[in-house]
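Trainee: Listed below, chain by chain, are the residues.
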Amino acid sequence: MTATKLGGPEIQARPAPGPGKSPKSVTGALIKALLLGLTIAIAIWAAFPLIDNEAWIGLAILIATTAGLLHLYLTPRHIPLKYLAPGTILLILFQVFPVLYTASTAFTNFGDGHRGSKQEAIVAIQTASVTQVPGSQQYALTVATTGDPATGPLVFLVTDPVTKQVSAGDADGLKQVDATVNSAGRVTAADGYTILTTGQASLRSAEITDLAVPTAGGAIRSSGLSRAYEGRAGRAYDEGCDCIRDTTTGQAWTADETAGAFVDGNGERLAEGWKVGVGFSNFTRVLTDPAIAGPFLRTLVWNFAFAIASTGGTFVLGLLLALAMHSPRVRARTAYRVLLVLPYAMPSFAMLLVWRDMFNTDFGLINNLLGLDVDWFGGSASARLAVILVQLWLGYPYMFLVATGALQAIPRELSEAARIDGASAWGGFRRITLPLLMVALTPLLISSFAFNFNNFNAIYLTTEGAPFPADNPANGATDLLITYTYRIAFGGGGAQYGYAAAISIFIFLIVALVSAISFRRTRHLEEVHA
Amino acid sequence: MTWVKQVGWRHLVGVLMLVFAMAPILFVVSAAINPLGTLSSSEIVPTGASFGNFSRLFADTEFGRWFVNSIVIAAVSSAASIFISALAAYAFSRRRFRGRRVGLLSVLLIQMFPQFLAIVAIFLIFSAVTDYWPAIGFNTWWGLILLYLGGALGVNTWLMKGFFDTVPRELDESATMDGATHPQVFFRILLPLVAPILAVTALLAFIGTINEFLIANVFLTDAGAKTLPVGLTGLVAGERNANFGMFCAGTLLTAVPTVLVFQLLQRYITDGLTAGAVKG
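Protein sequence lines correspond, in order, to chains B and V. Just so you know, the UniProt record's numbering puts 347 at position 347 of the first sequence, and the rest follows in order with no gaps. Just so you know, the UniProt record's numbering puts 22 at position 22 of the second sequence, and the rest follows in order with no gaps.
One should not assume that every hint holds.
Stated by the list, open to error - Computed footprint of chain V on chain B, listed as stretches where at least three residues anywhere in the stretch have a Cβ under 8 Å from a Cβ of chain V: (1) 191-198; (2) 206-215; (3) 288-296.
What the hints assert, rightly or not - Below are the SDA-like pairs computed for lysine to any residue, each with C-alpha atoms no more than 25 Å apart in a straight line: (4) B/Lys-175 to B/Ala-190; (5) B/Lys-118 to V/Leu-109; (6) B/Lys-164 to B/Ala-150; (7) B/Lys-175 to V/Asp-131; (8) B/Lys-82 to V/Phe-97; (9) B/Lys-82 to V/Arg-10; (10) B/Lys-32 to V/Trp-142; (11) B/Lys-82 to V/Leu-104; (12) B/Lys-82 to V/Val-102; (13) B/Lys-82 to V/Thr-176; (14) V/Lys-5 to B/Ile-410; (15) B/Lys-82 to B/Gln-137; (16) B/Lys-32 to V/Phe-186; (17) B/Lys-32 to V/Asp-131; (18) B/Lys-82 to V/Leu-109; (19) B/Lys-82 to V/Phe-187; (20) B/Lys-32 to V/Phe-187; (21) V/Lys-5 to B/Ser-136; (22) V/Lys-5 to B/Gly-427; (23) B/Lys-175 to V/Leu-109; (24) B/Lys-82 to V/Trp-142; (25) B/Lys-118 to V/Glu-62; (26) B/Lys-118 to V/Ser-127; (27) B/Lys-175 to V/Thr-176; (28) V/Lys-5 to B/Lys-32; (29) B/Lys-82 to V/Glu-173; (30) V/Lys-5 to B/Leu-385; (31) B/Lys-82 to V/Ser-127.
Simulated from the structure, these hints should not be mistaken for laboratory data. Quick reminder that beta carbons are idealized off the backbone N, C-alpha and C, glycines included.
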């Protein structure tokens with residue numbers, strides 16, 4: 001391409017223009033004005049919903065950011081920041097902020113049963129206890145949604161039998177809407193809502209049964225797909241004692257603000273609680289709970305082995321290939337490159353599932369081809385070997401690509417000079433090429449290590465952590481910390497986001513520590529080019 | 001004998017790796033054209049050939065829509081992320097400023113937080129965004145692209161910085177002497193010289209995005225908005241054995257755009273453009 005030409009001779013040939021008055025500056029100024037105009041336009045577009053919702057803090061941040069950007073790009077100072085600003089803003093919005101948000105939940109009991117505020121918990125307890133009693137108000141029911149019929153949020157359109165007035169209700173409550181009603185009182189059309197057909201509604205009957213629309217005295221629930229009733233709450237909140245009282249038995253559950261739950265005299269909790277801060281208890285649980293601390297260590301060791309083997313193995317393989325192909329004398333180099341990178345072009349999530357089937361004992365490809373009868377995922381050693389083999393297959397093309405790129409960046413003169421000075425091919429590679437390669441590749445190796453340390457898909461889509469020891473069905477031989485955490489926190493016993501976040505902070509600290517140490521040890525490599 | 005020593009071993013390594021690389025792919029190809037279309041009937045050598053799995057894929061699922069969604073999202077976000085990373089890599093490689101080292105390390109550090117555990121936070125954040133700005137909320141291309149761009153300042157910046165460092169500084173220094181402004185140095189001198197690394201990172205970003213499953217799965221719930229990984233995984237979630245042929249057909253078609261992008265960038269990757277470019 002013209003790239004080489006642009007870099008070299010053309011610039012040499014151009015007459016030296018006066019400082020700041022180069023021929024391109026008009027185009028440059030136009031593009032700059034266009035981009036800044038676009039920024040202002042986007043900011044104005046984003047401001048309207050913020051003003052409508054009276055989100056003044058959000059608006060202030062928006063104005064400050066836009067003003068900051070305009071200032072940055074209209075003054076000649078802060079040149080590095082001009083180049084860093086776009087990435088940094090995106091990084092803060094979509095990476096740093098979610099991570100900080102997650103980290104802050106590590107100090108709460110956020111999870112199933114502890115999702116919202118105390119008020120929301122009270123509403124949930126009351127609506128869940130609603131039963132149909134004699135004399136309950138009956139409504140004609142039409143099930144609708146504000147989104148996709150198969151997945152969108154459900155809305156009950158209920159028609160008052162006397163006034164024919166239609167109200168729309170969801171978990172937040174009822175509000176009146178304008179709608180067309182047929183003779184049976186059912187809604188045929190309503191602005192902003194998609195009416196579900198009987199077929200669509202019956203596919204989601206479980207969700208429809210669960211939906212309760214809170215009202216003043218209780219809640220509206222469905223009975224079947226076309227009728228609803230307004231029932232009375234069996235359990236109600238009593239402000240006087242700050243407790244939930246059962247209206248028939250009189251039993252009371254008092255609010256416990258440290259646990260975020262309603263507790264009765266025997267210490268029994270109601271399932272629905274609210275979110276409260278719990279300090280460091282999520283962290284201490286990892287270290288002190290014997291059911292967690294023991295397997296944690298065993299998994300940690302395997303986790304290191306897996307990350308090192310995956311990163312190191314793919315690097316050695318990729319580098320070997322890159323070196324083998326880094327010679328104009330290899331015929332069909334292009335064909336080799338295309339075919340060798342093919343595993344990387346295949347979608348990894350799909351290939352992990354395919355590899356799992358290839359390791360199948362009975363009809364798997366590997367046993368069939370090699371005439372074996374190995375229960376690959378049945379034994380610890382073979383399962384670990386299998387997942388690392390899969391990682392090698394998936395990962396070496398990446399290393400091959402980046403090593404090829406880095407090799408091409410090294411001027412040929414360097415190794416040629418070494419050769420002339422009498423160095424052997426191996427000596428030249430080890431003392432000249434490899435150190436130069438490592439400058440470019442060390443950060444990648446470290447981040448590849450970090451990626452593999454938490455390679456959730458690699459385990460979850462192949463072995464799911466199997467094989468499991470007989471005495472501990474929660475912690476398998478190929479489990480990484482991340483899949484192990486996932487099972488404890490999200491699987492079976494309900495979501496415990498606060499606890500999961502605490503463990504993920506541990507994982508983050510371990511990976512960050514390892515990376516920091518390896519950076520310190522490889523710092524001298526950077527001096528090569530300093 | 002010198003041929004064996006200098007070239008022969010290269011072919012030996014290449015051929016051995018080809019066998020390892022291609023076996024699973026042949027298996028997928030064979031399963032995709034297998035008329036029975038089940039997992040238990042699949043072999044590495046095709047036992048028959050038909051395009052039944054492919055036509056079922058387009059007739060029974062919204063594969064076409066998923067495909068378009070994936071291509072647009074992956075192409076736009078990888079192009080934008082390459083540009084943003086290149087800007088940052090220029091600053092880190094060529095400029096000396098306060099907080100440079102801290103900045104570089106933080107970029108690497110922030111990537112080490114287990115991403116999927118932030119998924120709850122991302123979900124809550126985008127629930128609010130969907131209320132305020134539906135155009136960039138759930139089930140939209142732009143929302144997902146923005147979310148992916150959050151990681152633009154990551155591994156690719158490091159990869160590029162490493163490469164930028166190997167381009168002789170004399171080049172841009174002498175251009176500055178000749179009166180070039182810093183955008184001119186960046187756009188007209190450095191960028192053309194680092195084309196190989198731009199090609200490599202563009203490819204990596206494209207592949208990474210087109211394969212991304214976890215965030216897309218949370219983000220895209222409407223059947224028509226799904227990307228290929230979300231759609232295809234749903235295909236084998238229940239009927240694994242029966243849908244295996246369709247799944248493999250979809251896997252192959254998913255690989256097509258990646259192979260095309262690689263073909264497109266191949267020539268930029270092949271030759272080292274920096275060699276000999278030092279201005280005299």
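Trainee: All the hints need checking, so say for each whether the structure fits it.
Mentor: Cross-check of the supplied hints:
no.: 1; hint: 191-198; in the structure: violated (count 0)
no.: 2; hint: 206-215; in the structure: violated (count 0)
no.: 3; hint: 288-296; in the structure: violated (count 0)
no.: 4; hint: B/Lys-175 to B/Ala-190; in the structure: holds, 13 Å
no.: 5; hint: B/Lys-118 to V/Leu-109; in the structure: violated, 36 Å
no.: 6; hint: B/Lys-164 to B/Ala-150; in the structure: violated, 28 Å
no.: 7; hint: B/Lys-175 to V/Asp-131; in the structure: holds, 18 Å
no.: 8; hint: B/Lys-82 to V/Phe-97; in the structure: holds, 12 Å
no.: 9; hint: B/Lys-82 to V/Arg-10; in the structure: violated, 46 Å
no.: 10; hint: B/Lys-32 to V/Trp-142; in the structure: holds, 23 Å
no.: 11; hint: B/Lys-82 to V/Leu-104; in the structure: holds, 16 Å
no.: 12; hint: B/Lys-82 to V/Val-102; in the structure: holds, 17 Å
no.: 13; hint: B/Lys-82 to V/Thr-176; in the structure: holds, 18 Å
no.: 14; hint: V/Lys-5 to B/Ile-410; in the structure: holds, 23 Å
no.: 15; hint: B/Lys-82 to B/Gln-137; in the structure: violated, 65 Å
no.: 16; hint: B/Lys-32 to V/Phe-186; in the structure: holds, 15 Å
no.: 17; hint: B/Lys-32 to V/Asp-131; in the structure: violated, 32 Å
no.: 18; hint: B/Lys-82 to V/Leu-109; in the structure: holds, 22 Å
no.: 19; hint: B/Lys-82 to V/Phe-187; in the structure: holds, 14 Å
no.: 20; hint: B/Lys-32 to V/Phe-187; in the structure: holds, 14 Å
no.: 21; hint: V/Lys-5 to B/Ser-136; in the structure: violated, 91 Å
no.: 22; hint: V/Lys-5 to B/Gly-427; in the structure: holds, 16 Å
no.: 23; hint: B/Lys-175 to V/Leu-109; in the structure: violated, 48 Å
no.: 24; hint: B/Lys-82 to V/Trp-142; in the structure: holds, 24 Å
no.: 25; hint: B/Lys-118 to V/Glu-62; in the structure: violated, 43 Å
no.: 26; hint: B/Lys-118 to V/Ser-127; in the structure: holds, 21 Å
no.: 27; hint: B/Lys-175 to V/Thr-176; in the structure: violated, 66 Å
no.: 28; hint: V/Lys-5 to B/Lys-32; in the structure: violated, 56 Å
no.: 29; hint: B/Lys-82 to V/Glu-173; in the structure: holds, 19 Å
no.: 30; hint: V/Lys-5 to B/Leu-385; in the structure: violated, 33 Å
no.: 31; hint: B/Lys-82 to V/Ser-127; in the structure: violated, 31 Å
Comparing the model with each earlier hint shows violations of hints 1, 2, 3, 5, 6, 9, 15, 17, 21, 23, 25, 27, 28, 30 and 31; every other hint is respected.
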